[in-house]
Amino acid sequence: MVGIQSTAQVTSWLDAGRGLFLSIHVLGIGCFGYIVAKRLTPLIRGQRDLRFDQPLTRLGKVLKYWLGQWKHPRYRVAGTMHMLIFAGFLVLAIRAFSVLIVGVSQNFVMPGLSGRAGPIYNTITDYAATIVFLCMVFAVIRRLGFRPARYDVPARYGKAHTADAIFLLALIAILMVADSLFAAAKATAQAQQGQLAEALAAFSLPWFLQRALLSTSLPALGKLYFGAYLLHEVTFYFLLCYRPFGIQFHVETSLFNIYFAKPDREILKPVRWGVSDEHLDQVKSFGVKTFEDFTWKHMLDFYSCADCGRCSDNCPANAVGRPLSPRFIGIKARDYAFQHYPMFGHAGNGSRLIGKIYSEDEIWSCTTCGACEEECPLLVEHIDKIVDLRRGMIDDGNVPQSLQKPLKALENRGNPYGKMEKKKADWTKPENFQQTCKVRILNGNNGAELLYFVDSITSFDDRLQSIGRVTAKILNYVGENFGILGAAEQDSGHEVRRFGEETLFMALREHNIASIQASGVRRIVTADPHAYNALKHDYQNIPPVEHISQLIAREVKAGNLRFNPVENNGRVYTYHDPCYLGRHNQIYDDPRDVLDAIPGLKRVEMSRSRDRSFCCGGGGLMLFYEPKEDQRMGVKRVQMAAEAGANVIVTACPFCMVNIEDAIKVSGLEGKMTAIDLTELVDQQMAREGQKVA
Amino acid sequence: MKVLEVNVEILVCARRVPDTSENEIELNSAGNDIERDDLVYSINEPDNYAVEEALQLVARTGGKVTVVTVGGEDDEEILRREMAMGANHGVLISDEAFNGSDSRGISTILKAFVQRGKYDLILTGVQAEDGGAQIGGMLAALLDYPFASLVNSIEVLDGRKLRISREIEGGNKEISEIDLPCVLSIQTGINEPRYVGMKGIRAVASLPIPIFGASDLGVDPTVAGEAAAKVKRVGYFIPSLGKGAEILHGTREENIEKVLELIAAKGGLR
Numbered sequence: 001m002v003g004i005q006s007t008a009q010v011t012s013w014l015d016a017g018r019g020l021f022l023s024i025h026v027l028g029i030g031c032f033g034y035i036v037a038k039r040l041t042p043l044i045r046g047q048r049d050l051r052f053d054q055p056l057t058r059l060g061k062v063l064k065y066w067l068g069q070w071k072h073p074r075y076r077v078a079g080t081m082h083m084l085i086f087a088g089f090l091v092l093a094i095r096a097f098s099v100l101i102v103g104v105s106q107n108f109v110m111p112g113l114s115g116r117a118g119p120i121y122n123t124i125t126d127y128a129a130t131i132v133f134l135c136m137v138f139a140v141i142r143r144l145g146f147r148p149a150r151y152d153v154p155a156r157y158g159k160a161h162t163a164d165a166i167f168l169l170a171l172i173a174i175l176m177v178a179d180s181l182f183a184a185a186k187a188t189a190q191a192q193q194g195q196l197a198e199a200l201a202a203f204s205l206p207w208f209l210q211r212a213l214l215s216t217s218l219p220a221l222g223k224l225y226f227g228a229y230l231l232h233e234v235t236f237y238f239l240l241c242y243r244p245f246g247i248q249f250h251v252e253t254s255l256f257n258i259y260f261a262k263p264d265r266e267i268l269k270p271v272r273w274g275v276s277d278e279h280l281d282q283v284k285s286f287g288v289k290t291f292e293d294f295t296w297k298h299m300l301d302f303y304s305c306a307d308c309g310r311c312s313d314n315c316p317a318n319a320v321g322r323p324l325s326p327r328f329i330g331i332k333a334r335d336y337a338f339q340h341y342p343m344f345g346h347a348g349n350g351s352r353l354i355g356k357i358y359s360e361d362e363i364w365s366c367t368t369c370g371a372c373e374e375e376c377p378l379l380v381e382h383i384d385k386i387v388d389l390r391r392g393m394i395d396d397g398n399v400p401q402s403l404q405k406p407l408k409a410l411e412n413r414g415n416p417y418g419k420m421e422k423k424k425a426d427w428t429k430p431e432n433f434q435q436t437c438k439v440r441i442l443n444g445n446n447g448a449e450l451l452y453f454v455d456s457i458t459s460f461d462d463r464l465q466s467i468g469r470v471t472a473k474i475l476n477y478v479g480e481n482f483g484i485l486g487a488a489e490q491d492s493g494h495e496v497r498r499f500g501e502e503t504l505f506m507a508l509r510e511h512n513i514a515s516i517q518a519s520g521v522r523r524i525v526t527a528d529p530h531a532y533n534a535l536k537h538d539y540q541n542i543p544p545v546e547h548i549s550q551l552i553a554r555e556v557k558a559g560n561l562r563f564n565p566v567e568n569n570g571r572v573y574t575y576h577d578p579c580y581l582g583r584h585n586q587i588y589d590d591p592r593d594v595l596d597a598i599p600g601l602k603r604v605e606m607s608r609s610r611d612r613s614f615c616c617g618g619g620g621l622m623l624f625y626e627p628k629e630d631q632r633m634g635v636k637r638v639q640m641a642a643e644a645g646a647n648v649i650v651t652a653c654p655f656c657m658v659n660i661e662d663a664i665k666v667s668g669l670e671g672k673m674t675a676i677d678l679t680e681l682v683d684q685q686m687a688r689e690g691q692k693v694a
Numbered sequence: 001m002k003v004l005e006v007n008v009e010i011l012v013c014a015r016r017v018p019d020t021s022e023n024e025i026e027l028n029s030a031g032n033d034i035e036r037d038d039l040v041y042s043i044n045e046p047d048n049y050a051v052e053e054a055l056q057l058v059a060r061t062g063g064k065v066t067v068v069t070v071g072g073e074d075d076e077e078i079l080r081r082e083m084a085m086g087a088n089h090g091v092l093i094s095d096e097a098f099n100g101s102d103s104r105g106i107s108t109i110l111k112a113f114v115q116r117g118k119y120d121l122i123l124t125g126v127q128a129e130d131g132g133a134q135i136g137g138m139l140a141a142l143l144d145y146p147f148a149s150l151v152n153s154i155e156v157l158d159g160r161k162l163r164i165s166r167e168i169e170g171g172n173k174e175i176s177e178i179d180l181p182c183v184l185s186i187q188t189g190i191n192e193p194r195y196v197g198m199k200g201i202r203a204v205a206s207l208p209i210p211i212f213g214a215s216d217l218g219v220d221p222t223v224a225g226e227a228a229a230k231v232k233r234v235g236y237f238i239p240s241l242g243k244g245a246e247i248l249h250g251t252r253e254e255n256i257e258k259v260l261e262l263i264a265a266k267g268g269l270r
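Note that the protein sequences, when read in sequence, are chains A and B.
Mind the numbering: the first sequence is residues 1 to 694 in my numbering, read in order.
Mind the numbering: the second sequence is residues 1 to 270 in my numbering, read in order.
The hints are simulated quantities; they were obtained by calculation from the structure and are not laboratory data.
Incorrect hints may appear among the rest.
[To be verified] When the alpha-carbon atoms are kept at most 25 Å apart in a straight line, the in silico PhoX-like pairs for lysine-lysine are as follows: (1) Lys258/B to Lys429/A; (2) Lys665/A to Lys258/B; (3) Lys423/A to Lys243/B.
[Stated by the list, open to error] Distance ranges between label pairs, derived from CB positions: (4) Leu59/A to Glu24/B: 36 to 42 Å; (5) His279/A to Arg252/B: 40 to 46 Å; (6) Thr251/B to Thr674/A: 19 to 25 Å; (7) Gly170/B to Asn569/A: 55 to 61 Å; (8) Val572/A to Asp130/B: 52 to 58 Å; (9) Ala203/B to Arg571/A: 38 to 44 Å; (10) Arg571/A to Asp130/B: 39 to 45 Å.
Where a beta carbon is used, it is the ideal one built from N, C-alpha and C, also for glycine.
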């Protein structure tokens, strides 16, 4: 209580403004409440989204991604700055609230800070304010001077956001200065009156300001104190009410956005939350057609986007000049929401988003590689929105002609190529293969333990049938009791689902689940990561599924699979992570372990590897889509391999193989660069019986 | 987005054919037809463009679209698909007496159906993938309606008239006006037909599709069906796979030269 009495005179300087301060409080809080209520209107009108389960998992996410700022260090400079600002804000929050209250109740001390904790906390906040202030200065310099490319706004997406960003940074800087000035004026006045002044943290912003104010007269200090308070309060409320109109709304929404983020990212959003597959026929309209078709959480995503540009910076579609930038999927939707749910007046009637804010090509351009989601510090869910928009287009019949043929073939024949079902197992037929490796077609009575799920492209593509054969040879080699479904296997439907054709996907899945169950196997393996992802996450009631790289890695570890050393020393290998093996299923190490178990194999990493792998161009139906682009994704990827000093690209996905082999040809690197599937390499290097193992 | 309220009643004549992209066509043992056991069927693709054009037309002017096919109960499938696209009605004309009809027989049957209704515009696809582009012209002649073929754009004018264009060699268009009622055969590429998935087809699964037989239409079996057919299929020929490919072994530049030469020789370059 000593401290409060000694500052009695200083704090009384605010007495005159008590009424004013109180009215600003009421006005500020009132405005903020009104604005937030308005912002919540579309969320209430939006679709259901069941996000209230698993509180502990969700709290864990909050600790990791919100409090722990987990994704931020991926961008060293911006990330570090953000972490400092975020920490500063957390620290300053208590001070900000106590300062606000002091204006109407001079003797207020935040509970817990009346004793010894007070000065310690004040020292920390002095530094926090200083760090935040410096970060703001640095951020402005960075925005204006260094201009990181990812903040650019291409002309087709409207005007640059720089002015708004700097305005917001400046407001925060002003808030920090006002706060520091307030503390400095008080401390200086107390010192001049010979009172016991609270020591300001050395070399902090308030400390410097105090130095500057040493010779200021007491009445002037009083005015300064009053002015600093007023500036602080006005800036605080202005910021509070202005943030919901732009990118800084994430200050308020991020906590909720992360708490309500999807616990399991690999489970695609259902067509309608709370409607089971059996009842889906009763849903009249599928997917997102109007803004109100988005779920409330997806709308919250739009509000929460901080416009940091990391998604688009990593988006392969954006990198090759396709008309898609994930950042603007969100920004455009948010601008739409702001415009159609105005602060005053009635909400507009929902119009179609495709053709208004999104183009068809924009939505078809996504390969669902997941690079954007991997990067987003706020856990914004891009893929579900793209898929939902595609569901809407499919439902409206709005599908590119190039995709209609394969979709119809999938419906008629169970594969996108329109090949006859009875030819599904033709890849096992070549004589020289059949003699060495018998592949059984399972009918439930073979007593097979393991099912090899081949999927369409490996079954029907002349080049990729080789992956099927070597996979069978490897399974044979390690003594697996396995077989295939043959004509009873239809396309896994992985891309069918991701292209928004849910009904067709469900038919394919139903057929395959019945076939798998009838085969009587206890395990499933596949060499196709897309099939792997579908069977693992989209299918239910089937035996556990593995990717072949997992099985190979295990057999290598167990000593059942040994390799001959590589003979050509000039070869430098690099491993390309397929999106649906790596990013979507976190299988990064197994394929690498297998490669590293091959004696004499020299392996380098591309700068974009593991969870920053760069999509080859996409699989499944994406092979049929004719995108508008400047360059192929595969070509960019092959260049990355060349930059890393590699001349052999190893991948573990048939679609990567198609795209990368094509890209090698297109970029004129034939003869200098080759691509090989992990299974093909393993088959090539496997130490066969009678062979010497080094 | 209706610009003209003229309510055009459109009839589209469609047909179910083996899907050329999803089948391997093989000759049956008798050698007079193709092996049909493993075939998948779908709507004749040019007819699909005709339905899409009809739907886009009534969306602009108002009116209704009816799709009709002459065939058996399996053919109902394509009617459902076109109804899922947005056609208002599907009609199946089916009678054992009609089996084995030639194109004139089919046209005679369709004529009888047209005369039962009140259609302003009758569309067909430019040709059937397994047929001979005959129905449109014959139907028009039998009805004594004006006819235009290979139509690749339609605009509805005031006073029961259409402005249409017809594709001619080299991408040029000939533009004509034609009086309603009329028959048009629709060229593919006139539009981009909308996609129809399983969901759409399920949604129309319970809609009734009326079936008309010979007596309903008042068609005398002597003018249609096998007995009346003057054109009869007697055989089927499938060319054997030849060595169509020529592999060029030169350098890239030489190969480019050679390819240009070959394309020019076949008339592909001018």
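Here is how each hint holds up against the structure:
no.: 1; hint: Lys258/B to Lys429/A; in the structure: violated, 37 Å
no.: 2; hint: Lys665/A to Lys258/B; in the structure: holds, 20 Å
no.: 3; hint: Lys423/A to Lys243/B; in the structure: holds, 23 Å
no.: 4; hint: Leu59/A to Glu24/B: 36 to 42 Å; in the structure: violated, 58 Å
no.: 5; hint: His279/A to Arg252/B: 40 to 46 Å; in the structure: violated, 58 Å
no.: 6; hint: Thr251/B to Thr674/A: 19 to 25 Å; in the structure: holds, 21 Å
no.: 7; hint: Gly170/B to Asn569/A: 55 to 61 Å; in the structure: holds, 59 Å
no.: 8; hint: Val572/A to Asp130/B: 52 to 58 Å; in the structure: holds, 55 Å
no.: 9; hint: Ala203/B to Arg571/A: 38 to 44 Å; in the structure: violated, 56 Å
no.: 10; hint: Arg571/A to Asp130/B: 39 to 45 Å; in the structure: violated, 53 Å
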